[in-house]
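Trainee: Listed here are the chains, written in short residue letters.
Number of protein chains: 2
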Amino acid sequence: MSAGGDIEALIDMMARLPGLGPRSARRAVLQMIRKKELLLTPLADLMHHVAATVRECATCGNIGAGQICDICASEKRATGEICVVEDVADLWAMERSAVFGGRYHVLGGTLSALDAVGPEELRIPKLVQRVTDERVTEVILALNATVDGQTTAHYIADQLEGRVRLTSLAQGVPIGGELDYLDDGTITAALRARKAF
Amino acid sequence: MSAGGDIEALIDMMARLPGLGPRSARRAVLQMIRKKELLLTPLADLMHHVAATVRECATCGNIGAGQICDICASEKRATGEICVVEDVADLWAMERSAVFGGRYHVLGGTLSALDAVGPEELRIPKLVQRVTDERVTEVILALNATVDGQTTAHYIADQLEGRVRLTSLAQGVPIGGELDYLDDGTITAALRARKAF
Ligand SMILES: [Zn+2]
Ligand SMILES: [Zn+2]
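Read top to bottom, the protein sequences are chains A and B.
For the first sequence, counting from 1, position 149 maps to 149 in this note's numbering; every step adds exactly one.
For the second sequence, counting from 1, position 70 maps to 267 in this note's numbering; every step adds exactly one.
Be aware that a few hints might be false.
Estimated spans, in silico, between C-beta atoms of each pair [unchecked claim]:
id, chain 1, residue 1, chain 2, residue 2, range
1, A, 183, B, 356, 48 to 58 Å
2, A, 145, B, 352, 21 to 31 Å
3, A, 15, B, 296, 22 to 32 Å
4, A, 22, B, 213, 36 to 46 Å
5, B, 250, A, 77, 16 to 26 Å
6, A, 112, B, 305, 11 to 21 Å
7, A, 8, B, 233, 32 to 42 Å
8, B, 305, A, 115, 44 to 54 Å
9, B, 212, A, 155, 34 to 44 Å
10, A, 37, B, 202, 18 to 28 Å
Worth flagging that the hints you see were computed from the coordinates, not collected in a lab.
Quick caveat, the model's predicted, so the values are computed rather than measured.
Quick reminder that beta carbons are idealized off the backbone N, C-alpha and C, glycines included.
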C-alpha cells in the first residue's frame with residue numbers, strides 16, 4: 001500500500017464496516033483525504049460527538065442523545081400502542097414508512113438457545129412492565145419473518161396473552177424476509193393489513 | 198429517522214462517501230454505535246490523526262505523513278524509472294501488483310480543456326524537471342485507457358521526447374478501462390509486456 005501506516009490503518013478499519021470491502025474502503029479514504037476540510041475533519045468531529053452522547057433509551061432501547069429517546073419523549077406519539085422490533089435498524093425502517101404513530105420497544109435481538117440469548121437480554125420483562133405501566137392496548141409484533149424472530153414473537157405473545165391486543169405485521173413481509181430490507185410501501189401495506197396474532 | 202439529529206447528520210455524511218448509499222450508511226453507523234469502543238471512537242481518533250498529518254509528497258504527489266512520501270524516501274526504490282499515474286488510487290493499484298520497483302509521479306488528474314485542467318495543474322513541469330534532476334532513464338506512462346488519459350500521455354510524451362525512454366502499459370488494459378478496477382495479475386502482465394510509446 002505504501003500509503004503511510006495511519007492511512008492503511010484507517011482503510012483497514014473502514015473495511016470492517018458493513019457494506020464496505022477493502023476496495024470501497026480505499027476509495028472512501030482517498031475521497032475523505034481529498035476533501036479533508038469538508039469530509040474527513042467534520043466526519044471525525046461528528047463521530048466523536050456521537051460516541052460521547054449516544055445512549056440507549058431507558059424505556060424502549062432505541063438510541064438517542066438523552067436518557068429517553070425522541071420518540072418516547074414526544075407528546076405526539078400515541079402511548080397505547082407499542083411496536084416491538086428486533087433492532088434499531090428495524091425501528092428506522094418502520095419510521096421511514098411513517099405509518100405508525102405509536103411507540104416502540106427495541107429487543108436488541110431474538111431469543112436464541114444457541115447463542116444463549118434469553119428474555120432478560122431482550123428487554124422482554126421491561127416490555128411486560130410497560131404494557132401495565134403505560135396502559136397499552138395493542139402490541140404489534142414487528143419481528144423478522146425468520147425462525148428466531150417468530151420464536152421470539154410467540155414467546156412474547158405467551159407473556160402478554162389476555163392482557164393486551166396482540167397483532168403482527170401481515171401481508172407483504174416475505175418468508176425469511178427482514179424488515180430492514182423492505183421498501184417503505186411494503187411496510188406500509190403490512191402494517192395497515194396487520195392481523196390478530 | 199428519529200434517531201437524534203447528530204446520528205442523522207453522521208448517516209448523511211457517511212452516505213456521501215463513494216460506494217456507500219443511504220442504506221449502507223445507516224448500517225455502518227449502527228454498527229459503529231454498537232461497537233463504540235472498538236470502532237466509532239478509534240475511527241474518529243484515526244481520522245483526526247490522518248487529517249492532521251496527511252500531506253502530498255513535494256516530489257511525486259503521493260500522499261503520506263511527511264514532506265516526502267515513503268516511496269520517494271525509500272533507498273530500496275530505483276531512481277532511474279518513474280511511473281506516471283493519474284491519482285493515488287492508481288499508485289496503490291500498481292503497488293498491490295508489487296511488480297514495479299521504481300518511483301512514481303502522481304498527476305492528480307488528466308488534461309481537460311472542458312474542466313480547464315492544464316499541464317501546471319498536473320505537476321507536468323515538475324515531472325520534466327525530475328527527469329533531468331534524477332537522471333531518469335525510463336518514464337512509464339501508466340495512465341487510464343480513456344480519451345483524456347491518452348491525450349495526457351501524448352502531451353507528456355511530447356515534452357519528454359528524445360530525453361528519456363518512454364513506455365506505456367501494454368496488453369491487459371481493456372479499452373476504456375481504469376487501473377484502479379483491474380486485478381493485480383492484469384496489472385502485472387501489462388507492466389511486464391510494456392511497449393515503447
Ligand atoms: Zn425510547
Ligand atoms: Zn513521493
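Trainee: Now tell me, hint by hint, if it's right for this structure.
Mentor: Checked hints:
1. A/183 with B/356: 48 to 58 Å: Since residue 183 of chain A and residue 356 of chain B have Cβ atoms about 54 Å apart, the given range 48 to 58 Å holds.
2. A/145 with B/352: 21 to 31 Å: Since residue 145 of chain A and residue 352 of chain B have Cβ atoms about 60 Å apart, the given range 21 to 31 Å is violated.
3. A/15 with B/296: 22 to 32 Å: Given range 22 to 32 Å: holds, Cβ gap about 24 Å.
4. A/22 with B/213: 36 to 46 Å: About 20 Å separates the Cβ atoms of residue 22 of chain A and residue 213 of chain B, which means 36 to 46 Å is violated.
5. B/250 with A/77: 16 to 26 Å: violated, 46 Å
6. A/112 with B/305: 11 to 21 Å: violated, 52 Å
7. A/8 with B/233: 32 to 42 Å: violated, 23 Å
8. B/305 with A/115: 44 to 54 Å: Once the Cβ atoms are compared, 50 Å apart, the range 44 to 54 Å for residue 115 of chain A and residue 305 of chain B holds.
9. B/212 with A/155: 34 to 44 Å: 36 Å Cβ-Cβ, so the 34 to 44 Å window holds.
10. A/37 with B/202: 18 to 28 Å: Holds, since residue 37 of chain A and residue 202 of chain B (Cβ atoms, about 22 Å apart) stay within the stated range.
The earlier numbered hints that this structure contradicts are 2, 4, 5, 6, 7.
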